[in-house]
Amino acid sequence: MKDKLSAVAKTFSPSPIQQLSHLAQRRNAINLAEGFPDFPAPSLLKSAAVSAINSDFNQYRHVQGICDRLAKIVKDTHGLEVDPLTDITICCGQTEAFAAAIFSIIDPGDEVILFDPSYETYNACISIAGGVAVYVALNPPHWTLDNEKFLKSFTSRTKAVVLNSPHNPTGKVFSKDELEVIATACCTNDCLAITDEVYEHITYDNTKHISLASLQGMQERTIITSSLSKTFSVTGWRIGWAIAPTAIASAIKNIHVRITDSAPAPFQEAALTALESQPQFFESLRQVDYELRRDFLARILAEVGLCIQFKAQGSFFIFAEIPEECLLSDVDCVRKLIEEAGVVGVPGCGFFHSNKLVEVGADNFYQKRYIRFAFCKSDDTLAAAAQNLQEFVNKAGAFDRSESVKC
Amino acid sequence: MQVAKRLEKFKTTIFTQMSMLAIKHGAINLGQGFPNFDGPEFVKEAAIQAIRDGKNQYARGYGIPDLNSAIAARFKKDCGLVVDPETEVTVTSGCTEAIAATILGLINPGDEVILFAPFYDSYEATLSMAGADIKCITLRPPDFAVPINELRSAISKKTRAILMNTPHNPTGKMFTREELNEIASLCIENDVLVFSDEVYDKLAFEMDHISVASLPGMYDRTVTLNSLGKTFSLTGWKIGWAIAPPHLTWGVRQAHSFLTFATNTPGQWAAAAALRAPDSYYVELRRDYATKKQILVEGLKEAGFKVFPSSGTYFVVVDHTPFGLENDIAFCEFLIKEVGVVAIPTSVFYLNPEEGKNIVRFTFCKDEGTLRSAVERMKAKLKRT
Numbered sequence: 001m002k003d004k005l006s007a008v009a010k011t012f013s014p015s016p017i018q019q020l021s022h023l024a025q026r027r028n029a030i031n032l033a034e035g036f037p038d039f040p041a042p043s044l045l046k047s048a049a050v051s052a053i054n055s056d057f058n059q060y061r062h063v064q065g066i067c068d069r070l071a072k073i074v075k076d077t078h079g080l081e082v083d084p085l086t087d088i089t090i091c092c093g094q095t096e097a098f099a100a101a102i103f104s105i106i107d108p109g110d111e112v113i114l115f116d117p118s119y120e121t122y123n124a125c126i127s128i129a130g131g132v133a134v135y136v137a138l139n140p141p142h143w144t145l146d147n148e149k150f151l152k153s154f155t156s157r158t159k160a161v162v163l164n165s166p167h168n169p170t171g172k173v174f175s176k177d178e179l180e181v182i183a184t185a186c187c188t189n190d191c192l193a194i195t196d197e198v199y200e201h202i203t204y205d206n207t208k209h210i211s212l213a214s215l216q217g218m219q220e221r222t223i224i225t226s227s228l229s230k231t232f233s234v235t236g237w238r239i240g241w242a243i244a245p246t247a248i249a250s251a252i253k254n255i256h257v258r259i260t261d262s263a264p265a266p267f268q269e270a271a272l273t274a275l276e277s278q279p280q281f282f283e284s285l286r287q288v289d290y291e292l293r294r295d296f297l298a299r300i301l302a303e304v305g306l307c308i309q310f311k312a313q314g315s316f317f318i319f320a321e322i323p324e325e326c327l328l329s330d331v332d333c334v335r336k337l338i339e340e341a342g343v344v345g346v347p348g349c350g351f352f353h354s355n356k357l358v359e360v361g362a363d364n365f366y367q368k369r370y371i372r373f374a375f376c377k378s379d380d381t382l383a384a385a386a387q388n389l390q391e392f393v394n395k396a397g398a399f400d401r402s403e404s405v406k407c
Numbered sequence: 001m002q003v004a005k006r007l008e009k010f011k012t013t014i015f016t017q018m019s020m021l022a023i024k025h026g027a028i029n030l031g032q033g034f035p036n037f038d039g040p041e042f043v044k045e046a047a048i049q050a051i052r053d054g055k056n057q058y059a060r061g062y063g064i065p066d067l068n069s070a071i072a073a074r075f076k077k078d079c080g081l082v083v084d085p086e087t088e089v090t091v092t093s094g095c096t097e098a099i100a101a102t103i104l105g106l107i108n109p110g111d112e113v114i115l116f117a118p119f120y121d122s123y124e125a126t127l128s129m130a131g132a133d134i135k136c137i138t139l140r141p142p143d144f145a146v147p148i149n150e151l152r153s154a155i156s157k158k159t160r161a162i163l164m165n166t167p168h169n170p171t172g173k174m175f176t177r178e179e180l181n182e183i184a185s186l187c188i189e190n191d192v193l194v195f196s197d198e199v200y201d202k203l204a205f206e207m208d209h210i211s212v213a214s215l216p217g218m219y220d221r222t223v224t225l226n227s228l229g230k231t232f233s234l235t236g237w238k239i240g241w242a243i244a245p246p247h248l249t250w251g252v253r254q255a256h257s258f259l260t261f262a263t264n265t266p267g268q269w270a271a272a273a274a275l276r277a278p279d280s281y282y283v284e285l286r287r288d289y290a291t292k293k294q295i296l297v298e299g300l301k302e303a304g305f306k307v308f309p310s311s312g313t314y315f316v317v318v319d320h321t322p323f324g325l326e327n328d329i330a331f332c333e334f335l336i337k338e339v340g341v342v343a344i345p346t347s348v349f350y351l352n353p354e355e356g357k358n359i360v361r362f363t364f365c366k367d368e369g370t371l372r373s374a375v376e377r378m379k380a381k382l383k384r385t
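Taken in order, these protein sequences are the chains called E and H.
Numbered by this note's numbering, the letters in the first sequence go through residues 1 to 407 in order.
Numbered by this note's numbering, the letters in the second sequence go through residues 1 to 385 in order.
Among these hints, one or two may not hold up.
[To be verified] So the derived label-pair ranges between C-beta atoms look like this: (1) Arg60(H) to Ile73(E): 30 to 36 Å; (2) His25(H) to Asp56(E): 20 to 26 Å; (3) Ala247(E) to Leu351(H): 22 to 28 Å; (4) Lys337(H) to Leu151(E): 54 to 60 Å; (5) Ala384(E) to Gly61(H): 24 to 30 Å; (6) Asp332(E) to Glu189(H): 19 to 25 Å.
[Said to hold, decoys possible] Selected chain E positions facing chain H (in silico; Cβ < 10 Å): (7) Phe267; (8) Leu272; (9) Leu382.
It is worth saying that the hints were derived from the structure and are not from the lab.
Each residue gets a CB set at the ideal place from its N, CA and C atoms; glycine is no exception.
Only chain E is shown next, with the shape it has when bound in the complex (with noise of 0.2 Å):
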């Protein structure tokens, strides 16, 4: 009956990093791994939910305030004119916004352009459209967008490229000079964007986070997608949107109605309370904790001999580089922090991609040699995680000491 299965659920096989998960999990390890928070959500949502549950908003719902509210944040932010009865669709997440963004554009054949590393799903959703997904490396150590590789990328079957900024795994932020490069390549070829910008409001030492559809000639030809879940920490909401224009938000959001009909009811409502609340609010979150929590987590990595050659823009992720004296894959190297220091990254590998069409001959060892920490964490975790650390250090030495026995 394996048979049965589609073409290209076949191709999706359990990952490694599943299974550390599962050793993760037997060791009781620090989670550092899971990209959402370990300290609650904001009382002000909770106590809007729990409002919203009481007040019998329980039944299908489109919450047009959400939408009115959003308009006004871009404008307000990006400098963008939306029209919020036609070029809003809320969703179940940023996943279920991406996915009809997709849907919505891509036939069979049509090349996406994506940077590598980059967030899983994206390319799982590209594949079953029917889409190819083409990457462009990004080049280590610190991310730059290379110009040449972006550009060569480009066929006359690129329909779209995807820009995730602030960027999951790597903490990049992508620069202005940068997005201008990307907006006239779209221009100039005459194709879409879609953005991921999830992490819109975790950036550190003053970057500024610009939406790429705020520049010349990209309002008209950019698929915003975004959420409430990293903003205010309800990662387990389900409530995203997708911001297009008029043309092509209208089949966003048909597509949206044929996959999950309508987001949830009662969060809906606690958003709209969410995007009303105060401008301090969005500071205190982007200055205060993360920051903090960003410098915490790379020292303690420094101690242990892992390499920081980036620090992280935003997000809040850091994509730490195994040293050349271990020679440990990333897989191994998690697995030995688990089994070792009880404290859990994810291993990059699953991040990167390779291409048929370029790359050849380059050299993609360092496809293997990044692990992703996330610092989204209580005090106590990252406290905890600390000790453990220190006391692996002391037992087993730092991976960049240049004894080869100890890796």
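Could you slot chain H onto chain E? The hints should help.
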């Protein structure tokens, strides 16, 4: 700026159009299938508790263990099958997503899929998204029985799957044991999958609901789809699920992982509590709906409609032709503007709209007062021609 070709089938749904017209005319909405009363307190409380307890982050992609177990336990109670919650149950954002994940995970472009018309409107659109080759068999009034000979001609070794819905929206028909046995033997003979949408299984009035997965030889080739919304009057919570053997669940989960990734966490905790409701909840549910159904059906008959018997769901379909309107859409528009009641024209639920032009659908998932008011309006204002 080109949208994908698959969108030719996609337009705003009929529900949205009718709802907008209804609001404009202050009409009583017996069109869209959601209650105007709320779900039970104990389920709402469970969700509130979950929110307060901090269950607001990503759930495990295929469902929180407690809900998967509760779903498996309920399924065993309902049809006797023992399934593994870890490998055979997948939680989704409503049954709509369960259907989308099943189709996208298990159907290849060009695969032949058999549908029964009239059908819930997302089926055709989602099958188009997957590039399926749709073959349609029409269920006809007055009893909407499965035309077995037609099915035998339609099904072959080329057929990949049958998508069925019992109890059936919009007609209220429930597939009988004889019909299911026929479907089963044809599927086994031709190695065909069955996707069975059973969201209304607890609203079975005239006969017991039978899950096709429980027939001999069928579990291994069936995906059974269901949800919380209809049974517990919480249609906006978007908690649904798919039950299938591991090799089919695999496909469903792959698609689900990129469609929505995970389902809302507090709703899942509440759903687990809901599914553990005692039998008395379901008895009372059926009794309440039976009363509502009687009010509507008697009222529709008195108003002059030809009412087709409905065994399950909270829908009833009727023949509107006694009132002399040209087709179902014209009738529904007339009903909203001149009578002040909303029904759904069923032609959109057929591949060939002509087949539905005499039939419209009413729902009785409204409080009794609302149903009586709607009935009064229709009795007063509808005149047979």
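Status of the hints after comparison with the structure:
1. Arg60(H) to Ile73(E): 30 to 36 Å: 32 Å, holds
2. His25(H) to Asp56(E): 20 to 26 Å: 24 Å, holds
3. Ala247(E) to Leu351(H): 22 to 28 Å: 26 Å, holds
4. Lys337(H) to Leu151(E): 54 to 60 Å: With a Cβ separation near 58 Å, Lys337(H) and Leu151(E) satisfy 54 to 60 Å, so the hint holds.
5. Ala384(E) to Gly61(H): 24 to 30 Å: Since Ala384(E) and Gly61(H) have Cβ atoms about 26 Å apart, the given range 24 to 30 Å holds.
6. Asp332(E) to Glu189(H): 19 to 25 Å: 51 Å, violated
7. Phe267: 6 Å, holds
8. Leu272: 14 Å, violated
9. Leu382: 17 Å, violated
When the structure is compared with the earlier hints, violations turn up for hints 6, 8 and 9 and for no others.
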